[in-house]
Amino acid sequence: MEYLSVVFTLPALLTILIGTFAGVVVGGMPGLTATMAVGLLVPFTYTMDPTLGLMLLGGIYCGAMYGGSIPAILLNTPGTPAAVATAIEGYPMSRRGEGGLALKTSVVASFTGGTFSVFILLLFAPLLARQALNFGPAETFLLAIMGLAGIISIADENTSLIKALLSGILGMIIAVVGTDDMSGSLRYTAGLVELIDGVDFMPALIGLFSMIQMLELAGQRDHAPIDTSALGGARKRAKLPKGIGKFMALGSGTGTVIGILPGEGATIAAFISYNFAKQVSKAKAMFGKGNPEGVAAAEAGNNGCVGGSLVPTITLGIPGNSVAAALMGAFIIHGMIPGPELFTIYADRTYPFILSMFVANVTFLIIGLAFAPYLARIALIPPSVMVPVVCAFAVLGSYALNQSVFDIYLMIAFAVFGLLLKKLGFSLEGLILGLILGPIAEGGFSQGMIIGKGSPTIFFQSEIAKVMWLIILVLLLPPLVSHIRRLRGTKAR
Amino acid sequence: MSRATVDRLVLAGFILLSVLLYLSTDSYPGIAQKTSAKYVRFLAVCLGGLSLVQLGISLLRDGREDRLSLTEHLPRFLGLIAALVAFGLSFKKLGFFIPAAVFIPLVAIMLGQRNPVLITLTTIGLLAFVYLIFIALLGVTLPGPRF
Numbered sequence: 098m099e100y101l102s103v104v105f106t107l108p109a110l111l112t113i114l115i116g117t118f119a120g121v122v123v124g125g126m127p128g129l130t131a132t133m134a135v136g137l138l139v140p141f142t143y144t145m146d147p148t149l150g151l152m153l154l155g156g157i158y159c160g161a162m163y164g165g166s167i168p169a170i171l172l173n174t175p176g177t178p179a180a181v182a183t184a185i186e187g188y189p190m191s192r193r194g195e196g197g198l199a200l201k202t203s204v205v206a207s208f209t210g211g212t213f214s215v216f217i218l219l220l221f222a223p224l225l226a227r228q229a230l231n232f233g234p235a236e237t238f239l240l241a242i243m244g245l246a247g248i249i250s251i252a253d254e255n256t257s258l259i260k261a262l263l264s265g266i267l268g269m270i271i272a273v274v275g276t277d278d279m280s281g282s283l284r285y286t287a288g289l290v291e292l293i294d295g296v297d298f299m300p301a302l303i304g305l306f307s308m309i310q311m312l313e314l315a316g317q318r319d320h321a322p323i324d325t326s327a328l329g330g331a332r333k334r335a336k337l338p339k340g341i342g343k344f345m346a347l348g349s350g351t352g353t354v355i356g357i358l359p360g361e362g363a364t365i366a367a368f369i370s371y372n373f374a375k376q377v378s379k380a381k382a383m384f385g386k387g388n389p390e391g392v393a394a395a396e397a398g399n400n401g402c403v404g405g406s407l408v409p410t411i412t413l414g415i416p417g418n419s420v421a422a423a424l425m426g427a428f429i430i431h432g433m434i435p436g437p438e439l440f441t442i443y444a445d446r447t448y449p450f451i452l453s454m455f456v457a458n459v460t461f462l463i464i465g466l467a468f469a470p471y472l473a474r475i476a477l478i479p480p481s482v483m484v485p486v487v488c489a490f491a492v493l494g495s496y497a498l499n500q501s502v503f504d505i506y507l508m509i510a511f512a513v514f515g516l517l518l519k520k521l522g523f524s525l526e527g528l529i530l531g532l533i534l535g536p537i538a539e540g541g542f543s544q545g546m547i548i549g550k551g552s553p554t555i556f557f558q559s560e561i562a563k564v565m566w567l568i569i570l571v572l573l574l575p576p577l578v579s580h581i582r583r584l585r586g587t588k589a590r
Numbered sequence: 134m135s136r137a138t139v140d141r142l143v144l145a146g147f148i149l150l151s152v153l154l155y156l157s158t159d160s161y162p163g164i165a166q167k168t169s170a171k172y173v174r175f176l177a178v179c180l181g182g183l184s185l186v187q188l189g190i191s192l193l194r195d196g197r198e199d200r201l202s203l204t205e206h207l208p209r210f211l212g213l214i215a216a217l218v219a220f221g222l223s224f225k226k227l228g229f230f231i232p233a234a235v236f237i238p239l240v241a242i243m244l245g246q247r248n249p250v251l252i253t254l255t256t257i258g259l260l261a262f263v264y265l266i267f268i269a270l271l272g273v274t275l276p277g278p279r280f
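As you go down the protein sequences, you meet chains A and B in turn.
Straight run, no breaks: the first sequence in the numbering used here ends on number 590.
Straight run, no breaks: the second sequence in the numbering used here ends on number 280.
Please keep in mind that the hints were generated in silico from the structure rather than gathered at the bench.
Heads up, the beta-carbon is just placed ideally off N, CA and C, and yes, glycines get one too.
Don't take each hint at face value.
[Claimed, not checked] Derived DEER-like restraints, expressed as beta-carbon distance ranges:
| no. | chain 1 | residue 1 | chain 2 | residue 2 | range |
| --- | --- | --- | --- | --- | --- |
| 1 | A | W566 | B | D199 | 18 to 26 angstroms |
| 2 | B | I257 | A | V290 | 33 to 41 angstroms |
| 3 | A | R318 | B | P249 | 39 to 47 angstroms |
| 4 | A | I442 | B | G163 | 29 to 37 angstroms |
| 5 | A | R192 | B | T274 | 25 to 33 angstroms |
| 6 | B | A269 | A | K336 | 58 to 66 angstroms |
| 7 | B | R141 | A | V290 | 41 to 49 angstroms |
| 8 | A | S282 | B | L207 | 36 to 44 angstroms |
| 9 | A | G340 | B | P249 | 19 to 27 angstroms |
| 10 | A | F105 | B | L254 | 52 to 60 angstroms |
| 11 | A | Y471 | B | L254 | 32 to 40 angstroms |
| 12 | B | L222 | A | F105 | 42 to 50 angstroms |
| 13 | A | R192 | B | A269 | 37 to 45 angstroms |
| 14 | B | L251 | A | R582 | 34 to 42 angstroms |
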């Protein structure tokens with residue numbers, strides 16, 4: 098009750114409202130993502146009250162996950178990659194005049210998925226965090242390795258398995274720059290005072306997830322015109338079809354579980370939920386032609402990812418996906434190190450943050466039901482206007498945290514280098530995860546080596562360590578097997 | 134340059150980096166030899182090993198020699214980077230608002246926007262938004278001009 102009262106104050110409600118609305122708007126703009134929005138705004142929360150700052154970012158996360166579906170349904174232009182599956186069913190519905198029904202299905206499903214996942218977060222995060230109390234340095238090191246093993250599962254047709262791992266290791270190597278905690282000596286700083294504390298991951302995050310998108314948009318020769326013919330039917334009121342709740346529940350569960358797995362994002366959650374729905378649906382033939390069941394499952398899936406991704410993030414310090422990584426940055430800059438302390442020392446901030454996401458879900462439900470057809474026009478904002486605005490925020494965000502112009506150059510350097518890596522098939526998510534997990538891994542490794550008197554057997558001794566190795570193997574083996582099969586297949590052809 | 138060539142150059146760069154990283158750990162002082170140095174060596178071996186495997190796969194694969202293009206419109210791409218650097222340079226002296234008031238219209242025009250009303254409204258709108266939301270409402274401290 099005490100924590101609820103923190104949420105239901107005017108400043109908190111206003112912050113959640115602003116955050117959620119901003120999230121819906123950002124999510125509705127093709128080219129802008131939740132990671133970009135959260136990453137851009139983390140530095141601004143530095144001077145805010147920590148609880149309000151986290152509420153703002155939580156609202157953006159929830160809102161952006163939903164917002165992407167609006168232009169996906171009405172304009173066949175997914176606002177975020179996670180809304181691609183929604184567009185497959187939503188746009189054909191709009192074309193036949195059922196845009197209103199698709200929008201309603203989407204917002205109710207997003208609300209269901211989001212609320213369910215936050216409930217799971219509230220229920221399981223404190224339990225999992227308590228387990229983290231038993232972790233010693235060896236287990237902490239293995240935890241970081243587990244997070245990196247999760248990177249391997251983000252490998253897809255654009256990112257090879259080895260390159261995904263290489264990206265993670267490269268991130269960990271960049272994290273080595275700065276003062277060595279063990280000896281106090283400086284490493285790889287090239288005499289730059291700004292690097293004494295290491296490479297801050299906020300400029301890297303903004304560079305890799307915001308600026309790259311802007312550089313890509315700026316460098317496009319032509320922008321394909323968007324078909325606005327389906328906008329008209331979006332204002333018609335419609336009742337949700339019977340039996341749609343089953344698909345929302347399916348998407349909510351799937352999205353939450355996938356969100357909990359490190360490295361798995363909302364896009365994967367939406368597609369897997371969509372495919373599950375396709376398998377269990379009685380109207381399989383309607384899929385691809387505008388089936389509301391597909392919209393319901395995909396949207397519940399991507400919003401289900403929100404709470405799920407925060408479970409490993411705030412309990413173990415392993416970000417569930419890139420947005421969670423950005424949010425973890427917000428916790429860290431407020432001195433709240435993920436783990437059991439968040440539910441003891443900082444419980445007065447953590448619980449209101451989690452509870453605020455219930456309010457954020459209600460907020461976007463209201464926004465969606467009332468304004469969704471009008472918000473679709475956000476997608477029509479030309480890149481020539483959007484790019485300079487986002488760039489201005491990116492520069493400000495990079496500078497604001499440390500009041501350092503060097504961080505602006507760092508952000509630009511990460512953007513250009515990251516763009517090259519992206520074009521070559523490396524994983525930017527892997528790079529940022531490596532950068533975040535690097536210091537955790539190094540701390541655990543170094544302390545473990547001291548306790549183990551220089552012997553690496555310390556990392557295999559405890560029961561927890563053995564279970565963690567098993568999980569790492571489980572995470573690594575299936576993608577490795579499928580990768581080898583794919584390589585053999587390519588060779589045979 | 135072809136994508137495969139750039140890819141191989143980057144991987145070769147990673148192998149070189151891993152060797153240099155490994156060798157650099159010899160200079161780690163005292164206790165760091167038993168802790169941090171081992172960690173960095175572990176990373177160096179992983180980076181070098183994986184890069185070598187990937188390079189091997191790349192060399193064995195009879196890939197298409199498609200050109201690697203970072204951007205379709207180089208002048209705009211480079212123009213945006215130059216504008217960002219200039220924005221950063223002017224930050225310390227002029228704060229956020231003055232450079233942003235120049236940067237936004239400049240980049241919008243560079244990217245092909247020719248509607249002066251839209252450009253003006255966007256610039257004023259963003260500056261007003263930043264002031265009202267971040268400074269007035271959320272109490273965020275933003276850098277100001279230092280004359």
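Okay, the hints, checked on the actual structure:
1. Range check, A/W566 to B/D199: about 41 angstroms between beta-carbon atoms, so the 18 to 26 angstroms window is missed.
2. Distance hint check: the CB atoms of B/I257 and A/V290 are about 38 angstroms apart, consistent with the given range 33 to 41 angstroms.
3. Here the CB-CB span from A/R318 to B/P249 is close to 24 angstroms, at odds with the stated 39 to 47 angstroms.
4. Under the hint 29 to 37 angstroms, the C-beta atoms of A/I442 and B/G163, about 34 angstroms apart, fit the expected range.
5. At about 49 angstroms, the beta-carbon gap between A/R192 and B/T274 misses the expected band of 25 to 33 angstroms.
6. In this structure, B/A269 and A/K336 break the distance hint of 58 to 66 angstroms, their C-beta atoms being roughly 43 angstroms apart.
7. Against the hinted window of 41 to 49 angstroms, the Cβ-Cβ separation of B/R141 and A/V290 comes to about 36 angstroms, which falls outside the hint.
8. For A/S282 paired with B/L207, a C-beta distance near 42 angstroms keeps the hint of 36 to 44 angstroms intact.
9. Between A/G340 and B/P249 the beta carbon distance is about 53 angstroms. The supplied range of 19 to 27 angstroms is therefore violated.
10. At roughly 36 angstroms, the beta carbons of A/F105 and B/L254 sit outside the given window of 52 to 60 angstroms.
11. Taking 32 to 40 angstroms as the suggested C-beta distance range, the pair A/Y471 and B/L254 does not conform, at roughly 18 angstroms.
12. Distance hint check for B/L222 and A/F105: the Cβ-Cβ separation is about 46 angstroms, which falls inside the suggested range of 42 to 50 angstroms.
13. Between A/R192 and B/A269 the CB atoms are about 44 angstroms apart, so this pair conforms to the stated range of 37 to 45 angstroms.
14. The supplied range of 34 to 42 angstroms is broken by B/L251 and A/R582, whose beta-carbon atoms lie about 52 angstroms from each other.
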